[in-house]
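Below are the chains, spelled out letter by letter.
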Amino acid sequence: EAQVTQNPRYLITVTGKKLTVTCSQNMNHEYMSWYRQDPGLGLRQIYYSMNVEVTDKGDVPEGYKVSRKEKRNFPLILESPSPNQTSLYFCASWTGYEQYFGPGTRLTVT
Amino acid sequence: GQQVMQIPQYQHVQEGEDFTTYCNSSTTLSNIQWYKQRPGGHPVFLIQLVKSGEVKKQKRLTFQFGEAKKNSSLHITATQTTDVGTYFCAGPCDTGNQFYFGTGTSLTVIP
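Line by line, the protein sequences give chains A and B.
So the first sequence is residues 1 to 110, counted in my numbering.
So the second sequence is residues 1 to 111, counted in my numbering.
No lab work stands behind these hints, which were simulated from the structure alone.
Please read all numbers here as calculations on a predicted model, not as lab measurements.
Do not rely on the hints blindly, as some may be mistaken.
Label-pair distances were calculated between CB atoms; the ranges are [to be verified]:
#1 A:Gly63 to B:Pro39: 23 to 33 Å
#2 B:Pro111 to A:Glu70: 42 to 52 Å
#3 B:Asn97 to A:Gly63: 15 to 25 Å
#4 A:Gly16 to B:Pro111: 41 to 51 Å
#5 A:Gly40 to B:Gly41: 15 to 25 Å
#6 B:Tyr10 to A:Pro103: 35 to 45 Å
Every residue gets a Cβ at the ideal spot worked out from N, C-alpha and C, and that includes glycine.
If we strip away everything but chain A, and leave its shape as in the complex, we get (with noise of 0.2 Å):
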């Protein structure tokens, strides 16, 4: 079945503890993305990867961080977590025509 898979799902943690979402897909796509929706806000795109060693940031790429070692894994990593990074955070990959999304991160920081 082709699906992009988080984890974690659901996530509480504390400012500056560093943590890591993880993301993968099993469909082969070159182009993976990560986003975060906010009320009334939408999704907006936090960094994208339009291959493996080639990212770019997105419009909110402030206090994140990312890496593509490999096709199938495109992990985002939060060093120092604050308060208004609470979020949803869903992780996608483009066949260059619909994008897959995950199932998503809620991560909650106090």
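Once you've looked at the hints, dock chain B against the given chain A.
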């Protein structure tokens, strides 16, 4: 930066009524995509429009892409409770690498 706005932000309709959401971009889009997100779920791709003035239909859903390729609309005829969710438009920037999503329209259907 590029902005994509949608109106209305919320819409409540009686089951059987029609529904329309409008998407407006500050810049020309090479294509426009529409997604539906059920409550508690993730966005799911509905359709992509590419040509100026293009109209596509999926059963009760009609999608339009404006002549100037800066606006789009989604119209649902005779809404059903299964149509509940948030509808997003999305388009790539000029280089086609970065995506901009609209602010979304949340549809509630009252049985």
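* Would you say the C-beta atoms of glycine 16 of chain A and proline 111 of chain B sit inside 41 to 51 Å of each other? -> About 47 Å separates the Cβ atoms of glycine 16 of chain A and proline 111 of chain B, which means 41 to 51 Å holds.
* Evaluate the given range 15 to 25 Å for the C-beta pair formed by asparagine 97 of chain B and glycine 63 of chain A. => 21 Å, holds
* Between proline 111 of chain B and glutamate 70 of chain A, does the beta-carbon spacing fit 42 to 52 Å? -> 47 Å, holds
* To do: Kindly confirm whether 23 to 33 Å is satisfied by the beta carbon distance between glycine 63 of chain A and proline 39 of chain B.
  => Roughly 28 Å apart at Cβ, these two residues keep to the hinted range, so it holds.
* To do: Return holds or violated for the Cβ distance of glycine 40 of chain A and glycine 41 of chain B against the range 15 to 25 Å.
  => 19 Å, holds
* Quick one: are tyrosine 10 of chain B and proline 103 of chain A within 35 to 45 Å, going by C-beta? -> 24 Å, violated
Hint 6 from the earlier list is the only one contradicted by this structure; the remaining hints agree with it.
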